[in-house]
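Starting from the known structure of chain A, arrange chains B and C on it as the hints suggest.
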Amino acid sequence: MSYTLAELASLTASQLNDEAFKDLVIEAVAPVQTAGNGDISFFADPKYKKHLSQCQASAVIINQELAQGYQSAALINKNPYATYARVAALLTPPEMPAAQIHPTAVVAESATIGSGCFIGPNSVIEADAVIADDCYLAAGVYIGRASRVGQSSRINANVSVYHHCVIGERNIIHSSAVIGADGFGFANDAGEWVKVPQTGGVQLGDDVEVGASTTIDRGAIDDTVIGNGVKLDNQIQIAHNVRIGDHTAIAGCSGVAGSAVIGKHCTIAGMCTIVGHIELTDNVHITAMSLITKSIKKPGSYSSGTAFEETTSWRKNSVRFKQLDVISRRLQQLENKF
Amino acid sequence: MSYTLAELASLTASQLNDEAFKDLVIEAVAPVQTAGNGDISFFADPKYKKHLSQCQASAVIINQELAQGYQSAALINKNPYATYARVAALLTPPEMPAAQIHPTAVVAESATIGSGCFIGPNSVIEADAVIADDCYLAAGVYIGRASRVGQSSRINANVSVYHHCVIGERNIIHSSAVIGADGFGFANDAGEWVKVPQTGGVQLGDDVEVGASTTIDRGAIDDTVIGNGVKLDNQIQIAHNVRIGDHTAIAGCSGVAGSAVIGKHCTIAGMCTIVGHIELTDNVHITAMSLITKSIKKPGSYSSGTAFEETTSWRKNSVRFKQLDVISRRLQQLENKF
Amino acid sequence: MSYTLAELASLTASQLNDEAFKDLVIEAVAPVQTAGNGDISFFADPKYKKHLSQCQASAVIINQELAQGYQSAALINKNPYATYARVAALLTPPEMPAAQIHPTAVVAESATIGSGCFIGPNSVIEADAVIADDCYLAAGVYIGRASRVGQSSRINANVSVYHHCVIGERNIIHSSAVIGADGFGFANDAGEWVKVPQTGGVQLGDDVEVGASTTIDRGAIDDTVIGNGVKLDNQIQIAHNVRIGDHTAIAGCSGVAGSAVIGKHCTIAGMCTIVGHIELTDNVHITAMSLITKSIKKPGSYSSGTAFEETTSWRKNSVRFKQLDVISRRLQQLENKF
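Protein chains in written order, with the numbering used here: chain A, 694 to 1031; chain B, 694 to 1031; chain C, 694 to 1031.
For reference, chain A alone in the conformation it holds in the complex (with noise of 0.2 Å):
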């Protein structure tokens, strides 16, 4: 894939810095430090100014202030960053193999497959699933009944999806991930456990992403529901019910209790847990490895945890936060004392 520079400035929504640069040929992305002929790389930090003297690549994506005085070949936008990004898109487009139902994929006679699809070796779409135009399903996925995969959707290999789920439009799923589990569900009848049927599904909106390994439960009677553009890392897991706004984003290891909500354009960052019947306004920020235990109402960045230290020290603190009431008390007391 190959584009001249004022394609790509057409394609973004760029512009040139200099006419004279419009039809020089851009075959590739680079980093900053080995970019070379026919690269474009991007500068979005105007403390790497000093950088951008030195860098070889055909062209670089800057914005408005760092093209000051700039001389060589650049398209500016006001956001590099998301302009590398639709520029790298171009240039290394995903694969998409003529459409195909391989000979091993096995589709259900009432399954719907539309048109420009390659379902892969050994995928399984069960009865009744619809898979629309423009899909790629890699290999070794299953769908399974009466599920849909909305347009152009990519799910790769081994990805599962159980029945009755609903995965919008431009939708990526990648490996191991599993749409649809039964939620955790179960009624304690003298100390065993029932099994309550999780009789709802999974909805997942337009332009959603789901990482490696994450895992989705349907919904216990309602659905599970995932808005659109949202963005979730791998490893994590997403409990029955769950309503998450769009544009939010979640980082790896993330935990997501069954019936929270969570708002919309938050960001949850790594390793993070959040309890079960909460709920997170929009604009809700939390970092990594944080226990939210409680609904937040106003938008802001939520944080729980300790610094970390060497271990010796630690452990005389940690221990020390088991008496943390009773110094506050012994405190109190002194203070009432003057």
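Across the chosen pairs, the derived CB separations fall in these ranges:
| id | chain 1 | residue 1 | chain 2 | residue 2 | range |
| --- | --- | --- | --- | --- | --- |
| 1 | B | 991 | C | 715 | 46 to 56 Å |
| 2 | A | 764 | C | 882 | 19 to 29 Å |
| 3 | A | 761 | B | 1019 | 50 to 60 Å |
| 4 | A | 1012 | C | 1028 | 16 to 26 Å |
| 5 | A | 1005 | B | 803 | 54 to 64 Å |
Heads up, simulated DSSO-like pairs for lysine-lysine below, C-alpha to C-alpha not over 30 Å straight-line:
| id | chain 1 | residue 1 | chain 2 | residue 2 |
| --- | --- | --- | --- | --- |
| 6 | B | 1015 | C | 1009 |
| 7 | C | 888 | C | 987 |
| 8 | B | 771 | A | 888 |
| 9 | B | 1009 | A | 990 |
| 10 | B | 1009 | C | 987 |
| 11 | C | 771 | C | 743 |
| 12 | C | 1009 | A | 991 |
| 13 | C | 1009 | B | 957 |
| 14 | C | 1009 | B | 987 |
| 15 | C | 715 | B | 888 |
Source of the hints: derived by calculation from the structure; they are not laboratory data.
Ideal placement from N, C-alpha and C gives every residue a C-beta, glycine not left out.
For chains B and C alone, coordinates are given in the frame of chain A:
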């Protein structure tokens, strides 16, 4: 599926509030708010009594207390939630395709497949494996050499069971789960790791449920043992030689390190860590995201971690944590001065 | 498999305590408590010396100190545990079926399969992939386009390797692991996320073990790089562009965020979080469930978190944590009054 209310009463050891309702036909479970004709809902909590009279379900499942003066159709049971679970299981039984070894399944000659089994597409059953009667293996399931799956167990798509593992009766194993991978055993020799062959297996009791993407490692020499009725949520890691007692439930993302022993009827919330070589007695409950570093001999509820707060204040407090031992000593000195 | 004690001594660079035992035949490793005729056990810890005389194994592996005055058959080595590991590997070698490309495997014409390989049922090898000699791919394994698997590597059922990844020699990859899924890279543009194509790959060194359901993402531009002899337990997340030094071991459920660099010979316990863009030097050790938020330049052991306690007292202490900075200032004020 549909049942009369009298049939449901009989099958769940419940009572009708009025024999006049015995022939009423129930076809589905539904949430209290949206239930309508043919539906059954449940009320477990007396505080929702006010909603009871407005519920449009054909019948409700309630306890004796809520049934006082209730005029519409009701199933009465002292445990409405467990009764709901049983009714839901009757009305929405898990799918069981007609018995078949799918032509694309690869079954070793020396493997034994019981009657009534559905061995789904692209499943692989290795030599000397035994699948008991009435099992369901969805698709892409791998059962290693000489492993056994007990009667009426359901194994979902893309589950991997290594060699010489035993899965009990009526188990449910969710997609991407892995049973019997090697435990994490290495001997350090001059800075390099020498793999310790993991020659034990895994034993799952009866009525065990294993969540999506949960991993249960095989033992180093002896087996890893999961008791009857144990329920494991998604993304859980059970290390080699762990033993978990009957009817214990563990929520998503928790990890149990090697040779830890967990008692019966315990509950461990999400994202907890149980370190290796410790023992938790029966009826221990651990709250979310706790780190348990020592044996617990007394039943009860245990926790670790800190409450969450805004990140700006958390930064100050989390750093102060590193001074906690010093703070405590300074307080002691002040007290001594009085 | 069986070996004489002399053969085992020779193969593990150990000594016999008495040449009279050289023809003794050893058939299995067994735990000290249950070992019997034909078995070999090991004692690494002098504190178990009292059990040594009662052990019924045909032979034991011990160090010079424990061997003093020991009359029965023994292999003597300064590292009994590593010697046990090597003896166990000799007596219980991993299974290697006869070389075969299973008829249900789907191998691209341009892929290269070395001699002695077992390519199991329903495995998929994409175009230009290279599988070196003597590899074992169990079943349902996916190897993406142009990826390479080094000699004598073992890849278990339902593993997914994306395109352009390199797996070294003698690797062991466990089920449901995912190598080379897209890193979690998105540029925010007016509140929506624009995917940043992940154009780098993954490189695993030689003698790497990757646990079940562990995920190692491909790099954003450059590669994610795992050194020689690195051991990763189950359920670990390694983000894009992470670099891990040789012979480092990471326990289950830990996560390493993007572009973090971890040195050689480190150990990271279970459920730890290493944030992105930091660097841990060689020989750093992290205890369970710690959050590491800054670079560590000094070898040693580090920790975060709090000790666990009963939930009732924990609730009080965890709330007091939020007052810790204030408590510290109040204490300072009191001290100032003296």
